[in-house]
Amino acid sequence: MTTTQAEFRAALLDPARAVPDGLTDPKGQPTSRRFAVYRNNVTVALIDALRTGFPVLCKLLGDQNFDQLARLFARAHPPTSPLMMHYGEDLPAFLDSFEPLAHIAYLPDVARLELALRRAYHAADRTALDPARLGALDPDVLMQTRLHLSPTVQLVHSRWPIHDIWRYNTQADAPKPRGIAQPVLVTRAAFDPEPHALTLAQAAWLQAIAENAPLEKAVDAATAHDAEFDLGPLLTLLIQHNALTDISTPKD
Amino acid sequence: MLDATLTPPRLPAAPGVGYKAQHFADLRDAPGSVKWLEIHAENYMGDGGRPHAQLRALREDFAISVHGVGLSIGGDGRLDPDHLGRLKHLVSWLEPSSFSEHLAWSTHGAEFLDDLLPLPYTDATLTRVAEHIDEVQEVLGRRMLLENPSSYLAFAESTWSETDFLAELVRRTGCGLLLDVNNVFISATNLDYTPQSYLDAYPLAAIGEIHVGGHDEDEDDHGAPLLIDSHGREAAEPVWALLDHALAGTGPAPVLVEWDNDVPDWPTLRAEAERAASALASVPAG
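Taken in sequence, the protein lines are chains S and D. Read left to right, the first sequence gives residues 7 to 258 (our numbering). Read left to right, the second sequence gives residues 63 to 348 (our numbering).
Next up, chain S with everything else stripped away, as it sits in the complex (with noise of 0.2 Å):
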């Protein structure tokens, strides 16, 4: 009798399913605790990451609740890849389609905006840009210019209030969500992650450079929103948090 490894995996994340023929205490007799020792493992496993990995939207569900919900995940999207690091990118999507939470709109965005500050803390490091390039640049060649953008740097595209719950639920003090949009942009400065409420002109600008606009062009998404936009007060947080390692101008 041989216990292939397809059968052990079927079981192992479908409670409902029989152990395996072939598994035994050491008389010889059938077990279905020890094998409840794997189930419990991996499933405590992958509930566990997920927590580690989704903290605030922990806090948001209750503890009970997201280990419901991350108990559902896990067993429909089990990781694909040994690097946990990355596990539970499908959750957002899982979310979207997911009944029981449907009224809990902003909760697939706020896992957006979690596995985002995820990705800028294991990002590459990259020396960041020394700003003087930019100021040396004539203006008419700086608006043909194009910005590289830091592996660090992640967009987050938001109908909901996603960074003021995230503040509201990681930091002390912090005021209540307000009913806005809030697009968020993370940065890494050193080695913490950090998120930054946007305006939907700045985050139209962001996504145009992250998509190898030149200035010109991604002031134009911009001011498509915001007839005022201002691109000063972004460019310099970008600057300031090393987000920026390089440029392209029109004669590179």
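Just so you know, not all the hints are guaranteed correct.
What the hints assert, rightly or not - Here are the simulated SDA-like cross-link-like pairs (lysine to any residue), alpha carbons at most 20 Å apart as the crow flies:
(1) S:K33 x D:E281
(2) S:K33 x D:H102
(3) D:K82 x S:R57
(4) S:K223 x S:I253
(5) S:K33 x D:D280
(6) S:K257 x S:D136
(7) S:K223 x S:D236
(8) D:K150 x D:H102
(9) S:K33 x D:H284
(10) D:K97 x D:R140
(11) D:K82 x S:D54
(12) D:K82 x S:A55
(13) S:K257 x S:A142
(14) S:K33 x D:T256
(15) S:K33 x D:E219
(16) S:K33 x D:K150
(17) D:K82 x S:D236
(18) S:K223 x S:L161
(19) S:K33 x D:W222
To be verified - Here chain S is said to cover these stretches of chain D; the calculated rule only asks that three of the stretch's residues, wherever they fall, bring their Cβ under 8 Å from a Cβ of chain S:
(20) 90 to 100
(21) 132 to 138
It is worth saying that the hints were derived from the structure and are not from the lab. Positions of the beta carbon are idealized from the N, C-alpha and C atoms, including for glycine.
Go by the hints and put chain D onto chain S.
For chain D alone, coordinates are given in the frame of chain S:
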């Protein structure tokens, strides 16, 4: 079979601890007897950031052991070439003193199950695991250590004892062994043999590292004791006794304290390392 000249420097015959980021400052300020650190390979396979920066700093002061938990050496499919490539990259820049993995499987098809799952000890398993170890040693260009599992059940189809199975893998591949005495105690209790008889049959000469760690106690369907490998507390007294027993056979060896869940403050973990130091101090030089 691996070319022995490729063997890298060995870990010091001293206490080490499983590295946790919260102990970073303590380890540099007050390491006590701790001379080396073990990291889980997969936690350092991101692209950069703090995990890499901490490792670069720690390798200046400590020997490093890379311990894989995701290669699925016992898996019935082929080893994941992407994962092997990531391991090769980590080992190339970090230049650790040791690389080890488990006699277990954790990947099935495209799924990673995040646990060390058990294998039947058969000729077919032996052939497959030996091929996988050969591949790992060839890709990494170094000898690896293979760790004995903690077992909760037996396979009716097994035809080899675990100790003979490990000895045969050593003979076929030239790999070394990582003896986890907590796992020996757990498996012996759960599968009803004496841990001393396991050590007496174990190929002690192949040992490159020893693990001690904590376990929890439960019962099976029939009320028989069922120990769980939790790595969430101090090692139990019989596990320390097994360490002494093993060290009497090996002479001084690298001994790692594993504490992965409910990780304690540094003084508590260091006290476990000091206990390992005492055990090592009472071993006659090999």
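For each hint, the structure was consulted:
no. : hint            : in the structure
1   : S:K33 x D:E281  : 15 Å, holds
2   : S:K33 x D:H102  : 35 Å, violated
3   : D:K82 x S:R57   : 18 Å, holds
4   : S:K223 x S:I253 : 15 Å, holds
5   : S:K33 x D:D280  : 18 Å, holds
6   : S:K257 x S:D136 : 19 Å, holds
7   : S:K223 x S:D236 : 14 Å, holds
8   : D:K150 x D:H102 : 14 Å, holds
9   : S:K33 x D:H284  : 11 Å, holds
10  : D:K97 x D:R140  : 36 Å, violated
11  : D:K82 x S:D54   : 16 Å, holds
12  : D:K82 x S:A55   : 16 Å, holds
13  : S:K257 x S:A142 : 15 Å, holds
14  : S:K33 x D:T256  : 15 Å, holds
15  : S:K33 x D:E219  : 14 Å, holds
16  : S:K33 x D:K150  : 43 Å, violated
17  : D:K82 x S:D236  : 45 Å, violated
18  : S:K223 x S:L161 : 18 Å, holds
19  : S:K33 x D:W222  : 17 Å, holds
20  : 90 to 100       : violated (count 0)
21  : 132 to 138      : holds (count 5)
Hint violations for this structure: numbers 2, 10, 16, 17, 20, all remaining hints satisfied.
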